[in-house]
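Chains as they are written, first to last, in this note's numbering: chain A, 795 to 1135; chain R, 795 to 1135; chain C, 795 to 1135; chain S, 795 to 1135.
In case anyone wonders, no lab produced these hints; they're calculated from the structure.
Hints are supplied without guarantee of correctness; some may be wrong.
If several chains are the same, the list does not tell them apart, and a pair holds so long as it fits within one copy or across any two.
[Stated by the list, open to error] Calculated lysine to any residue pairs in the SDA-like style (CA-CA distance at most 25 Å, straight line):
1) K797 - E824
2) K1044 - P952
3) K1062 - N1018
4) K1044 - D1063
4 protein chains.
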Amino acid sequence: MKKLRIGLVGAGRMGAFHAETIEKRLSGAELYAVADPVSGAAEKLIHTLGSSAKAYDNPLDMFKDSGVDGVVIASPARTHAENIIRAAQNGKAVFCEKPMAVTIEEADRVIQTVNEYNVPLQVGFNRRFSKDFKSAHHEIVQGDLGTPQLLRSLTRDPVLADPAPVPEWTIFLETLIHDFDVLNYLNPGALPIEVYAVADALVRPDFKERGFLDTAVVTIKYDNGAIATAEANFQAVYGYDVRAEAFGSKGMMTIGSIRESNMTRYNKDGVSYNTLRYDQHLLHDAYVEELASFVNAVQNNEKTAVGGEEARMALLIARACIESVMQKKPIQIEHTVSNLV
Amino acid sequence: MKKLRIGLVGAGRMGAFHAETIEKRLSGAELYAVADPVSGAAEKLIHTLGSSAKAYDNPLDMFKDSGVDGVVIASPARTHAENIIRAAQNGKAVFCEKPMAVTIEEADRVIQTVNEYNVPLQVGFNRRFSKDFKSAHHEIVQGDLGTPQLLRSLTRDPVLADPAPVPEWTIFLETLIHDFDVLNYLNPGALPIEVYAVADALVRPDFKERGFLDTAVVTIKYDNGAIATAEANFQAVYGYDVRAEAFGSKGMMTIGSIRESNMTRYNKDGVSYNTLRYDQHLLHDAYVEELASFVNAVQNNEKTAVGGEEARMALLIARACIESVMQKKPIQIEHTVSNLV
Amino acid sequence: MKKLRIGLVGAGRMGAFHAETIEKRLSGAELYAVADPVSGAAEKLIHTLGSSAKAYDNPLDMFKDSGVDGVVIASPARTHAENIIRAAQNGKAVFCEKPMAVTIEEADRVIQTVNEYNVPLQVGFNRRFSKDFKSAHHEIVQGDLGTPQLLRSLTRDPVLADPAPVPEWTIFLETLIHDFDVLNYLNPGALPIEVYAVADALVRPDFKERGFLDTAVVTIKYDNGAIATAEANFQAVYGYDVRAEAFGSKGMMTIGSIRESNMTRYNKDGVSYNTLRYDQHLLHDAYVEELASFVNAVQNNEKTAVGGEEARMALLIARACIESVMQKKPIQIEHTVSNLV
Amino acid sequence: MKKLRIGLVGAGRMGAFHAETIEKRLSGAELYAVADPVSGAAEKLIHTLGSSAKAYDNPLDMFKDSGVDGVVIASPARTHAENIIRAAQNGKAVFCEKPMAVTIEEADRVIQTVNEYNVPLQVGFNRRFSKDFKSAHHEIVQGDLGTPQLLRSLTRDPVLADPAPVPEWTIFLETLIHDFDVLNYLNPGALPIEVYAVADALVRPDFKERGFLDTAVVTIKYDNGAIATAEANFQAVYGYDVRAEAFGSKGMMTIGSIRESNMTRYNKDGVSYNTLRYDQHLLHDAYVEELASFVNAVQNNEKTAVGGEEARMALLIARACIESVMQKKPIQIEHTVSNLV
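With these hints in hand, go ahead and build the complete structure from the sequences.
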């Protein structure tokens, strides 16, 4: 089968990892082009990889390149929707980092466009491709947990460098969006109906006045009765912590571990082991797996594993969180027909 | 040192365990009397233990018995406050199962009375006496966690027998009251300032109309910025599950395990181990330790480890939960001077 | 039921713990007398406990005291056999710390005497009373492991203070004797038939010339084919480490943990938890349970849980180890009829 | 940098995995040819991979192909030495699955030949490339364990299909050879000086008469005093179990886990999780890493991570085991100068 020629948007930290995956870890794809508006960034990444990909300054130009079969979008969150739409209009299959969009209006336009142009779309909810989360989902779907009653998902980033450039509401739109998707994934078929969120700047209280938030706890009620919490913090000094818990009428499942290896030390101070400090280490295989899944879906004309509807559902919760923090009260989520398509 | 002669109120499940502890596991105390209004219940317990304690039908009579040095109250929750007050008025040292009271007014009367009659009071927050919780508290007090930012405590009972006799709001007043105390204990010196609670009857939805609730999730904001969640469910088919998590600027601590023993099986189905199914097994040593601590405090004229103020603080959260569920919104906790004494 | 009046031999570290157990942790027994040839030692222990027990300098005098129902022997290992025999000749029920004897001849005399005088004898193989080991044994007996094929048991003491007073062959006769009994316990019904032992002074090589050994590894072949290893070292800086592993045709079981509590720390250095540093902490409940079991057996005229035959079987392995180290080769164990009674 | 063109010998189970690694998981190498004497085997593997590699029936022909830069040998163990020698004589860099040879004479010829023809040689001791083992080794080298005193390594294969074709002494030469290398790796710089081995056919006793052995326990003494055990069994019904333990004057390290994912189930039967059933799953990353390391060493003219001397040292132990089983006694290992080069 012919290799899928990928055009990558964004040569930053995440883009570089995806580029390396496409170039070195996937047999079904090749890195055909990289676009980044930062001068020289695309070229530098291509050089580092020893790749022969083309470099573009403008993603829109790359989208018009007929050599590109599919695009991987790893640009800043606020450009995602626009990039997806333009790529779709040029008939490209699209893999986009989360979030797919930052407003519901944008999300609706994205979904409408990919439907209109009939292109595959996959959103980067990588935890769905982690062995831990996937096996829990699988067992929940087959009924092993019974009816879900209590759910929990959390994300704790290892270190908060500079709060200054962090866009407003990032904790909901970019961090907890993962957890909202996880909770939906662990409660398959259920709809979130009410959200209550509290958030604060506890790591960097000096940035709170500018609207910066680094800590949040969210309560979500689902239409099947399940009550979920999502929790995030931007500075876990012990590493990159991603875990979940699902409790139902037939038991519980716990998901995730921050352990670096299966080597454990016993010494005069007690027992200890090392932790993973970086998302690309903790979720390495899941990052690779999601791209492999995308490439495979495109090549075989199959439905992608996580598409626009799932991304919109997670975004609905994130937007309700923002509303809840602003109004200091629980927010109902109305599910119009379009939510449910 | 002379043994402390204990009069026990309540010969039920928990009373029986405390009686056995007093009789067999504590060297500093003896079971002097048992009072239970259920005909024959006191006598039966005394007989089972092979004890020579006196039997009373009416706790009030027992409180007047000059042979009694201290009382242990294990009667139904709604009688606690009245029993404490009457015992205090008779000059008895009092250990009372949680909750100390079910309304703030009651709690205030209890605190006022024990102060007036100058008797020791200890409330049965047994988790404070578990090695797991105690060591976490100790390290938090000495600063190892830094500033607490996220806290979690949960209680899942193993089986819900008959919902019919369960009094209204039991999940907050009798179950989660433990978690509220744990959260306060893990965030020492901080005050809860806002509470949001959601609750439902998910185990037995058929009892929801009568006001029965078996599942709840609570969010608590503290005045030091920490955000806590407490979670309860009345039927964890895998056993009696009591855990907590504390996250702060210097790291995280996890507390609790449902493991029955350190024997692990590996067979064709994978790896497995047994769980504890009963609070008196999971918290066996903590139940003994709290009574030992009470007896020791009384004998040495020391302050008890957990008294009326701590119990009132947990109750404030429980009452705010009830308010939150009724009003479907977050509730502020006002701390009057009396809260803070 | 009348309390069993216990006469304790030995007021040292282990004797003191047993005394406290008898006095405070067992409802069916009382500490009636303590005998220790060290001047003032018995009195001091009795005083510390606030007990009203009698003090004896000479155990033999105590054995003649008609007030004594049973004795607990916690004197130095080389006096065990003689003490058991004298106590038995005075009609006392006997609980004796391991080893029951240090030679097979002694062991045979002990067994013969207790049979002749028809007194109950229990030997202090406390691991059989630990929840971890007991549940493994139970599941093995009911066939869950299939046929045992590989077994392992280890003992690592936390700290080697002064090697000077340690009697020759202590590592086999006093330390590994526990492991030999564990291996027999986990391979029920099988007979050890060949032993190979290597041993060295690795913690304190400067004492090797005097015959001191602090590290040993033993291989044991059983008549059902199972091959076992036992391992000991006198200085595990991380605590008191006692574990076992049983592997058979249907799976594996692992037994034991050095964890102090279920509180786990996550901080900038990784994940850590505390360890237990002392046998009386690690095996606290097993030490209590073995005495409770002994008292119960005596009071109810039941067979004790672990008697002379089991102790002799473990000793056979220990003696074969000594032979193996001296001859630097594997040693066959001959099972005469008397072994198998 | 130019890709290393690899010629693979052996299209069986392990060869197929290495082929896939070369083709799909390594960016620095390409699969240039496959040789397998079984008719059609090479072609079939090439086809399955969608590769354009050449197929050979005779490895010797492939060794003469000037397009081949390096060879990966995954043929039956008894052909390894001959294949290495022939490949070296044709100037090829060689990666060979363990064991490098099955006799010391063969091993010496291999080492002599690769030295003479000055070609790089790496032997497939994949555990050295597992994160778990590597981090333990690293910390031992930097002194964190102190002086090693007790070591353990074990291999338990998940299922014994047909014992009939298993060559004599396979358990030592092909299975435990891994553990011998692990023990050497965890005791860096020390020399094995005495070996005692017991072995039996416990899984398939019906094959014992033909010399088949499926269970073994080995004791190894090192010249630094450390005492090691190695243990193997051919049928662990719970999965592919590879673990090690290193104990020294400063503590202990445990290595390895059979856990499949970080998802844990809690249900009415207790707690459980899945296990890994297959070496290529358990050691997936280590298998890839060892080839990546080989390719990198060859391309950069660096010493390979594990060469002929290490392989010969492990083989010395394996041969001593065979001797020990035959003679039923401990065997001394003489280290001639050539051992120590």
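We went through each hint and held it up to the structure:
When the C-alpha separation of K797 and E824 is checked against a cutoff of 25 Å, the pair qualifies both within a copy, at 6 Å, and between copies, at 16 Å. When the C-alpha separation of K1044 and P952 is checked against a cutoff of 25 Å, the pair qualifies only between copies, where the shortest distance is 11 Å, while the shortest distance within a copy is 34 Å. Taking the closest pair of Cα atoms, K1062 and N1018 come within 25 Å of each other only across two copies (23 Å); inside a single copy the shortest separation is 50 Å, beyond that limit. For the identical chains of this complex, K1044 and D1063 are inter-copy neighbours only, at 11 Å across copies versus 39 Å inside a copy, given an alpha-carbon limit of 25 Å.
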